[in-house]
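S.K.: So the chains spell out like this:
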Amino acid sequence: MKTTIALAGNPNAGKTTLFNALTGARQHVGNYPGVTVEKKQGVYQFNGNSVQIVDLPGTYSLSAYSLEEVVARDFLVKECPAVVVNILDASNLERNLYLTMQFMEMGLPVCIALNMMDLAEKRGIEINVSALSKALGTPVIATIARNGAGKKELMQAAIEVANNKTATKPFCISYGEDIDGLLRQMEKQIRQAGFLTDTYDSRWIALKYLESDEQIVSLGQKANAQLSSQLELKTRNLSEHLFKTLETYPEAIIADHRYGYIKSILKQDVIRFRGDQNRLFISDKIDKVLVNRFAGPLIMLAVLLVLYHFTFSYSAIPVAWMEAFFVWIGGLAQTHLADGVLKSLIIAGIIDGVGGVLGFVPLIMFMFLGVALLEDTGYLARVAFMMDRVFRVFGLHGSSVMAYIVSGGIAGGCAVPGVMASRTLKSRKERLATLLTVPFMNCGAKLPVFALLVAAFFSEKKAIMMFVLTLIAWIGALLVAKLLRITVIRGESTPFVMELPPYRCPTFKGLAIHTWERTWQYIKKAGTVILGISILLWSMMTFPGLPESQGRHYDQQRETLKSTFQIDQGIIDQDIKKQLALIDKKEAEAALRHSIAGRLGTALEPVSRLAGFDWRTNISLVGGFAAKEVIVSTLGTAYSLGQTDSEQNIALSKKLAQSPNWSPLTAISAILFIMFYAPCFVSVACICRESGSWKWGAFSIVFNTLLAFFIAGAVYQIGGILGF
Amino acid sequence: MQVINMRQMKRGQTGTIKRIGANGQMGCRIRDMGLVPGTRITIQGRAPLKDPVALRLMGFTLTLRNSEADFILVEVDS
Chain A
1 MKTTIALAGN PNAGKTTLFN ALTGARQHVG NYPGVTVEKK QGVYQFNGNS VQIVDLPGTY
61 SLSAYSLEEV VARDFLVKEC PAVVVNILDA SNLERNLYLT MQFMEMGLPV CIALNMMDLA
121 EKRGIEINVS ALSKALGTPV IATIARNGAG KKELMQAAIE VANNKTATKP FCISYGEDID
181 GLLRQMEKQI RQAGFLTDTY DSRWIALKYL ESDEQIVSLG QKANAQLSSQ LELKTRNLSE
241 HLFKTLETYP EAIIADHRYG YIKSILKQDV IRFRGDQNRL FISDKIDKVL VNRFAGPLIM
301 LAVLLVLYHF TFSYSAIPVA WMEAFFVWIG GLAQTHLADG VLKSLIIAGI IDGVGGVLGF
361 VPLIMFMFLG VALLEDTGYL ARVAFMMDRV FRVFGLHGSS VMAYIVSGGI AGGCAVPGVM
421 ASRTLKSRKE RLATLLTVPF MNCGAKLPVF ALLVAAFFSE KKAIMMFVLT LIAWIGALLV
481 AKLLRITVIR GESTPFVMEL PPYRCPTFKG LAIHTWERTW QYIKKAGTVI LGISILLWSM
541 MTFPGLPESQ GRHYDQQRET LKSTFQIDQG IIDQDIKKQL ALIDKKEAEA ALRHSIAGRL
601 GTALEPVSRL AGFDWRTNIS LVGGFAAKEV IVSTLGTAYS LGQTDSEQNI ALSKKLAQSP
661 NWSPLTAISA ILFIMFYAPC FVSVACICRE SGSWKWGAFS IVFNTLLAFF IAGAVYQIGG
721 ILGF
Chain B
725 MQVINMRQMK RGQTGTIKRI GANGQMGCRI RDMGLVPGTR ITIQGRAPLK DPVALRLMGF
785 TLTLRNSEAD FILVEVDS
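Sequences listed follow chains A and B, in order. The opening position of the first sequence corresponds to residue 1 in our numbering, with each subsequent residue numbered one higher. The opening position of the second sequence corresponds to residue 725 in our numbering, with each subsequent residue numbered one higher.
Bound-form chain A, shown alone (with noise of 0.2 Å):
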């Protein structure tokens, strides 16, 4: 069989860079089953053979209080990797240290690889490897993650750990008079019942019902809900003693027990300072300027302002290319291919819908690049700092920030990244609550059609209408990320306790790797969805066809033109052309009218009548649920002006003026409703994949256009009574 080891460590202890260190690019990226913690795998090649090694989630603890702890735990249960690799950071070795106590409290076998050496050296901080290695009882190989030093001395280790399993016997810490007694009655109860024993030492198991671990309390309640109760009450009562005499809780004693335990550890000739340890540091230096009170704003300010640059600017140039290739094979399709359903199917239903996905991949990569940058220098975390007292206000985490930004905070954005880029959240109701909420930036495929609406109703004003409807994105968002967080994600806010990592460099390889795989996760994942959903857009805009009868009025009207053609010639070739094309558009409209989307369209028309949209509105609307942008082309072929270019746009504003149905109070009810109703479906697909399940994806294409309708629809009625 081969052998699985399984990597963890906190947070910034180097746990990545170690894993890409020994696997290189052979690694896979997947999901932990129902869960959204992504789960990475990778191959190790030893003396000949090949050892799996799986990336567990950084965590801090083994609590059951997030989702990373629980997967990890699980995973470390129920698929029993051979060894565990715990990675160490040297320079942080007492805080590190904490959820090593938690393996070997597991009975789990464990080999230790102290990372960054070299900074604890820096740092003036003396390791002394084996005196560790003695009072821990395992393995410890001295590390750097960062060059591959000691991997291969570490992987020896490992295996040799891993092939003589007979030595792992749980490691006992004494927990002071109260708990020790306690727990050693527990322990014995246990063990008699056999209570979930095949999967977890009696020992642990009896712990965690001491820290009231709800995960284990609910498996124990489902094994044998009777001695479940007892030891329940036993730590109640046990709690209620410790509060009544110390004023404190069972956990918060195991918890103090574990570091005094940690410190007995390292007194026994195991670490030496070099000076005060809570000294300045180099990075403590660069923080004075970096989160300083007034230079800390601007500099992030400036820092978010490039970020923004580099996704949205460089990647136009590859983003061209994309859109360039595409047209190409487009053409290529369109001369060779006969006229007919099928053409029409393939240029406008799959090569635009693939080109659509694809056309994103350059700006994907350049955002999860920018976003890796930021965050394995350590500068994210502070700007989480620095942001949390705004974001906190909505119900939302300092990381916000971010994909708020990248969706279109400064206008130009897109959602799709944004949605991407809410993975840096790590508490899971600050982090759905951020996803729902950042397609209501106005992103770069929105602002066409507000160019398009504001240049036919308020040219003077374009500027000051465009910063008006950045803050509306901006206002409406947070304050629906509040309303969700206390409808429908409520609950407390999850605790902030965050470290702010040293500054590093980041590795190119690293970055390099992590920008790939997530890219790749994006075409995988989004790309067959939304191929489909394309395909399903484009038969309801396509079918029923016009009728035969109609489709022969045009043709006839087309002869007529072609025979007064031969009659006259005194007729120039450029007017019969012109008025060639004419038919052609009106057959467009026509045909549109007639389709699935065009009879939605002029269904709806009663009820967004409320809103002030016609059913060519509806149409576009519709339209734009594959991609805002869309939504102009799909005006244009409304009102008969064809798909438009830019020539045809000045047209469709002048159109948009002089129709009856249009009025400055229309444009801003369709703003609105264009800013705030359902994303498009490449964003839809995001969210469904980042928060794990269909559902929220169904919710926000439901909420937010039910969301759309109702303040565009308030605004154009008081607008109404108010007599604009």
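No wet-lab data here; the hints were simulated from the structure. Glycine is no exception: its CB is placed at the ideal position from the N, C-alpha and C atoms. Among the clues, some could well be false.
[Said to hold, decoys possible] DSSO-like mimics (lysine-lysine), calculated; alpha carbons at most 30 Å apart, straight line: (1) B/K742 <-> A/K267; (2) A/K234 <-> B/K742; (3) A/K263 <-> B/K774; (4) B/K742 <-> A/K288; (5) B/K742 <-> A/K244; (6) A/K244 <-> A/K263; (7) B/K774 <-> B/K734; (8) B/K742 <-> A/K285; (9) B/K734 <-> A/K263.
[Claimed, not checked] To be clear about the criterion: a stretch of chain B counts as covered by chain A if any three or more of its residues have a C-beta under 8 Å from a C-beta of chain A, and this derived list gives those stretches: (10) 739 to 747; (11) 755 to 763; (12) 771 to 779; (13) 785 to 796.
[To be verified] One-sided excerpt, in silico: chain B residues whose CB lies under 8 Å from chain A: (14) M750; (15) G751; (16) T766; (17) I767; (18) Q768.
We have chain A already, so just place chain B on it with the hints.
M.R.: Relative to the frame of chain A, chain B by itself:
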């Protein structure tokens, strides 16, 4: 020796943790990061809007919201 709430500590002030009055998830998170009685801490600074607070302990920097710091009692060095 004066025991005060962490929220009231000033920048640069150092002290020893006396008591963590939180349990459940909040208590767990605070203790996981090494904030247990006996740990020495120094206030490193506060965010531009005075909240959260950044502190140094065991050689690393940790940030907490003031609402979380409220649960922590510190005996400050005079």
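S.K.: Each of the hints needs a verdict: does it hold here or not?
M.R.: How the hints compare with the structure:
This hinted pair checks out: B/K742 and A/K267 have alpha carbons roughly 22 Å apart, not beyond 30 Å. Between A/K234 and B/K742, the direct Cα distance comes to roughly 27 Å. Compliance with the 30 Å bound is thereby established for this hinted pair. Restraint check: the Cα-Cα separation between A/K263 and B/K774 comes to about 33 Å, which exceeds 30 Å; the hinted pair is violated. Taken as a hint, the B/K742 and A/K288 pair is honoured in the structure, with Cα atoms around 28 Å apart against an allowance of 30 Å.
Proposed proximity of B/K742 and A/K244 is supported: the alpha carbons are some 17 Å apart, at most 30 Å. About 28 Å separates the Cα atoms of A/K244 and A/K263, which keeps this hinted pair within 30 Å; it holds. For the hint linking B/K774 to B/K734, the alpha-carbon distance of about 11 Å falls within 30 Å, and the restraint holds. A threshold of 30 Å between alpha carbons decides the hint, and for B/K742 with A/K285 the separation of about 29 Å falls inside it, so the pair holds.
Taking the CA atoms of B/K734 and A/K263, the gap is about 28 Å. The hint holds against a cut of 30 Å. Counting residues of the stretch 739 to 747 of chain B whose C-beta lies closer than 8 Å to any C-beta of chain A gives 4; at least three are required, and the coverage claim holds. Here the stretch 755 to 763 of chain B counts 8 residues with a CB under 8 Å from a CB of chain A, which clears the bar of 3, and the coverage holds. Interface restraint, the stretch 771 to 779 of chain B with chain A: holds (7 residues with C-beta to C-beta distance below 8 Å; minimum three).
Given as covered by chain A, the stretch 785 to 796 of chain B passes the check, having 6 residues with a CB less than 8 Å from a CB of that chain where 3 are the minimum. With its C-beta approaching chain A no nearer than about 5 Å, B/M750 sits inside the 8 Å limit, and its interface hint holds. For the restraint placing B/G751 at the interface with chain A, the shortest Cβ-Cβ distance is roughly 6 Å, inside the 8 Å limit, so the hint holds. Nearest Cβ of chain A to the Cβ of B/T766: about 5 Å, under the 8 Å cut. The hint holds.
Nearest Cβ of chain A to the Cβ of B/I767: about 11 Å, over the 8 Å cut. The hint is violated. For the restraint placing B/Q768 at the interface with chain A, the shortest Cβ-Cβ distance is roughly 7 Å, inside the 8 Å limit, so the hint holds.
Hint compliance for this structure: hints 3 and 17 are broken, all remaining hints hold.
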